[in-house]
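Chemist: So the sequences go chain by chain: D and F. In terms of our numbering, the first sequence is residues 32 to 517. In terms of our numbering, the second sequence is residues 32 to 517.
Careful: at least some of the hints might be erroneous.
What the hints assert, rightly or not - Facing chain F, a subset of chain D residues (Cβ under 7 Å, in silico):
#1 ASN146
#2 ASP232
#3 GLY235
#4 GLY285
#5 ALA325
#6 ALA334
#7 PRO386
#8 ARG387
#9 LEU424
#10 SER471
#11 VAL483
#12 PRO495
As the list claims (entries may be wrong) - The calculated lysine-lysine pairs, modelled on DSSO-like cross-linking and capped at a C-alpha distance of 30 Å, are:
#13 F/LYS198 - F/LYS362
#14 D/LYS198 - D/LYS365
#15 D/LYS198 - D/LYS362
#16 F/LYS362 - D/LYS362
#17 D/LYS365 - F/LYS362
#18 F/LYS365 - D/LYS365
#19 F/LYS198 - F/LYS365
Unchecked claim - Some chain F residues close to chain D (C-beta under 7 Å, calculated; not the full set):
#20 PRO145
#21 ASN146
#22 GLY230
#23 VAL236
#24 THR270
#25 ASP323
#26 ALA327
#27 GLY328
#28 THR332
#29 THR388
#30 SER453
#31 THR455
#32 LEU470
#33 MET480
#34 VAL486
Hint data in this document are derived by calculation from the structure and do not stem from the laboratory. Beta carbons are placed, not taken as given, at the ideal position from N, Cα and C, and that holds for glycine.
Protein chains: 2
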Amino acid sequence: MWYRRAVSTSIALPSALARELGAIVGAEGVVSAPAALAVYECDGYTLERAVPQLVVLPRSTAEVAAVVRAAWRAGVPFVPRGAGTGLSGGCLAAPAPLVVCTSRMRSIRAVDLPNRRVITEAGVVNAEVTRVVRPAGLQYVPDPSSQNACTIGGNIAENSGGPHTLKYGVTTNHVLGVEMVLPDGEVVTLGDAIDDGLGYDLTGVVCGAEGTMGIVTAATLRLVSLPEGVTTMLAIFATVAEATATVSAIIAAGIVPAALEMMDRTIVAAVEAAYRFGFPTDAGAVLIIEIDGAAAGLAATAACIEALCRTHGAEDVRRAADEAERAALWKSRKRAFGAVGRLSPSYCTQDGVVPRTRLPEILARIESAGARHRLRIGNVFHAGDGNIHPIVLYDERDVDEAARALAAGREILAACVELGGSVTGEHGIGVEKMQELGLSFGPDDLALMQRVRAVFDPEGRANPGKIFPTPGICVEQRAPRRQAAL
Amino acid sequence: MWYRRAVSTSIALPSALARELGAIVGAEGVVSAPAALAVYECDGYTLERAVPQLVVLPRSTAEVAAVVRAAWRAGVPFVPRGAGTGLSGGCLAAPAPLVVCTSRMRSIRAVDLPNRRVITEAGVVNAEVTRVVRPAGLQYVPDPSSQNACTIGGNIAENSGGPHTLKYGVTTNHVLGVEMVLPDGEVVTLGDAIDDGLGYDLTGVVCGAEGTMGIVTAATLRLVSLPEGVTTMLAIFATVAEATATVSAIIAAGIVPAALEMMDRTIVAAVEAAYRFGFPTDAGAVLIIEIDGAAAGLAATAACIEALCRTHGAEDVRRAADEAERAALWKSRKRAFGAVGRLSPSYCTQDGVVPRTRLPEILARIESAGARHRLRIGNVFHAGDGNIHPIVLYDERDVDEAARALAAGREILAACVELGGSVTGEHGIGVEKMQELGLSFGPDDLALMQRVRAVFDPEGRANPGKIFPTPGICVEQRAPRRQAAL
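Chain D extracted, bound-state conformation:
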């Protein structure tokens, strides 16, 4: 079936190379049995799948470099992979047959508390960083929903966000520098161990490049203080429109919450069925609002937010009474995608962005796309960022319904661009949105980006077939057709 397409890796991996790689990473670091390789056939994006011909799991930067150098000599491209929790097919093993997975590189090389930074290897799990530095009152801020599984290397590839992006910024704002293996096996260090801005900002280019420039093997991460106090609130509304108006009102009042998340009726029902948190299942929408900072200021800010919620029609506003209630609330939010599995045999999560003020319009467009294509669509998203996540429910056994789900998703992304937004907030382009990239960028914009990529990867060996709809680079053209506009 087309919507669960098996994609060919198309490039053969010579057996001599497989032997050479095995010698580098050791028997424990090689996955070659068909059943074991099937684990690597997709990431969180499951519409396309491709079983790699070989997966290697190096233990060190030197091993990554040796693996990549051997592949370079053999003319074989590779796919970098972290924990495989991406949602746009960025680590799909196609057309490259070789997956280089950094998940065994789990050491934290240095912790420098006075200067608030840590050097981790790429395979360190996101949540592990904060676990290590929390006793010193510090944290690594970016917190994707998959933070208990996803790795620092994957976070850098995708420039991951999370609920706390609104106040604290995304991965690129917290990465001071990276160690990276280039596609010919050379090891470079980009950025700096301190936040000095010396030279061109190449670290920023690598963050979000989805592995198309090389394999990040280690990173220097910025740490920030744990807030003195945190207040987490739940506001319940009869309609999505009231909830989005409240989001705008909170921001307009000069409050920047640490997180400002919305779930609509469909999602609340799914979450409640799965976790029994106590959400009112007749609510049209709920907001999870978290504020943090100096403890002395929190009560006044919370009171102000509560007043704004009620002014804009909230039926109820509750505060988490203690850390346990707060943790339960976040668990319900972070597991919302999983809970949706109860509603429908299949679902497809979209990721788009609109300016915060256009949220009511995009939500209306999502609703009408659902009606037009006869589909249920739930919404759970980072409202403060204008980063929407419509979840299109369908049954993959019904080919017509699956086709309508895909069409609805594409229409919603086009509407995001039309409203001044874009086709991805945090999940990347991968293979899923290569065509949609053309909604925001002209051929010449894309050619400029590909020329930058070619600086790192002139032969297209690192994760080819991702991000760019056409593989070639066009050196002659340059003038993008995209204009600045609010």
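Once you have looked at the hints, place chain F on chain D.
Modeler: Only chain F this time, still in chain D's reference frame:
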């Protein structure tokens, strides 16, 4: 005298091109008389000077594009220039003979308060942005000391910092996208009007590229709320060591002040002589500490900071009683460099960075460099960032003393690198630090950067002869020798 060297522009500007450019920008937009051109012979960095052959001041992006296109056809490179307040010679008219100055492009194209962003042309003065949005409770955060003169275009070229960098980040953290004229005259739009991270982060590469990729003509800037409350404090210490220990203690306590600035005895004496603020001239060092945020939390935080200051030996801690006192305190800080003019016929401000915890060591190294070279050196700097600004006092009429001043500056920069820091925190490389760049980057790092530059400017027409010690790019080599280290 070598230390005030007149540099040749070395490339001739054909008179036919001069006429063509005049037709594009109009008579008011051309500076060609020798006396008028002399105004453009240097920026804040005065050790080298070069009188341009022609300065043009276009009024629009279309005019910038037409000017650059004409120069491209004539084979003449150009120097982009904002207000000329840079401190490292980044807009020195050498070897390129043509200066393209964006200071007449002063319009604010759009103000979008609900989504907190503004599109300004490159010539808008930094302080003007906040002046326009302040009635709505918003501000543009980056605040270089020259903010009443410097322009947004120049800030982007230098990726400018300021006292409030510690809490809020530098220019690149507040620029969502740029409109830029490439060296062949094509207009590109990089980044996006919203903060979505779509595609490679090319805006980040342009921020801090010192005009070596093209001419930024407009930018979409992020606005943030004015803090509800601000408390500004002055702490007085007998020794610099006590003051730096206090800086570390404040950060270690989990407090991130909006600003944390230090001035030593030499600078305090100069500032007091100039402005009579009331600083105790027998103090070894003073700290200016500013905290902002929710009003309810400020008093407790200020009390905590005061206690930390006293624990670490502060002789006195004062709080600005009102906005007038606060403004006077900042005026004294921001004009410190000017006040130094009273102390010495000439001075050279250095700019380096060390990890915050190494401040005591670098200050000792600065002191010993001063003693060894028989020079007075004052210190005024962004202590919270570890961004030092030693001011080496000398008399330019004394050739031997000038040579010693230059040597001391170079030794201090080398010490910064040795202590894990770098040779510039915020003033850029320009022409001043091209040689020092090699202290942090190997030839292959530099080649990688030059290849990225070549994507935008393959023929080296935009501000050639800046940043990179050797002009050529080396496509064969790539492995930098720099290693990640804390």
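Chemist: For the hint on F/GLY230, just tell me whether its beta-carbon gets within less than 7 Å of chain D.
Modeler: 6 Å, holds
Chemist: Does the nearest C-beta of chain D fall within a distance shorter than 7 Å of the C-beta of F/ASP323?
Modeler: 11 Å, violated
Chemist: For the hint on D/ASN146, does the least C-beta distance to chain F fall short of 7 Å?
Modeler: With a closest approach of 4 Å, the D/ASN146 hint holds.
Chemist: Decide if the proposed pair is consistent with the structure: D/LYS198 and D/LYS362, CA atoms, cutoff 30 Å inclusive.
Modeler: 20 Å, holds
Chemist: Holds or violated: is there a CB of chain D closer than 7 Å to the CB of F/THR455?
Modeler: 6 Å, holds
Chemist: Holds or violated: is there a CB of chain D closer than 7 Å to the CB of F/VAL486?
Modeler: Result: holds, 4 Å to nearest chain D Cβ.
Chemist: Using Cβ atoms only, decide whether D/ASP232 comes closer than 7 Å to chain F, and label the hint accordingly.
Modeler: 5 Å, holds
Chemist: Under 7 Å is the threshold here; is the Cβ of D/ALA325 close enough to any Cβ of chain F for the hint to stand?
Modeler: 3 Å, holds
Chemist: A closest beta-carbon separation below 7 Å is what the hint needs, so does F/THR332 meet it against chain D?
Modeler: 6 Å, holds
Chemist: Let me know if the C-beta of F/THR270 comes in closer than 7 Å to any C-beta of chain D, holds or violated.
Modeler: 20 Å, violated
Chemist: Is F/LYS198 close enough to F/LYS362, meaning Cα to Cα at most 30 Å?
Modeler: 20 Å, holds
Chemist: With a cut-off of 7 Å, does the beta carbon of F/GLY328 approach a beta carbon of chain D closely enough for the hint to hold?
Modeler: 3 Å, holds
Against the hints set out earlier in the document, violations occur for numbers 6, 9, 12, 16, 17, 18, 24, 25, 32.
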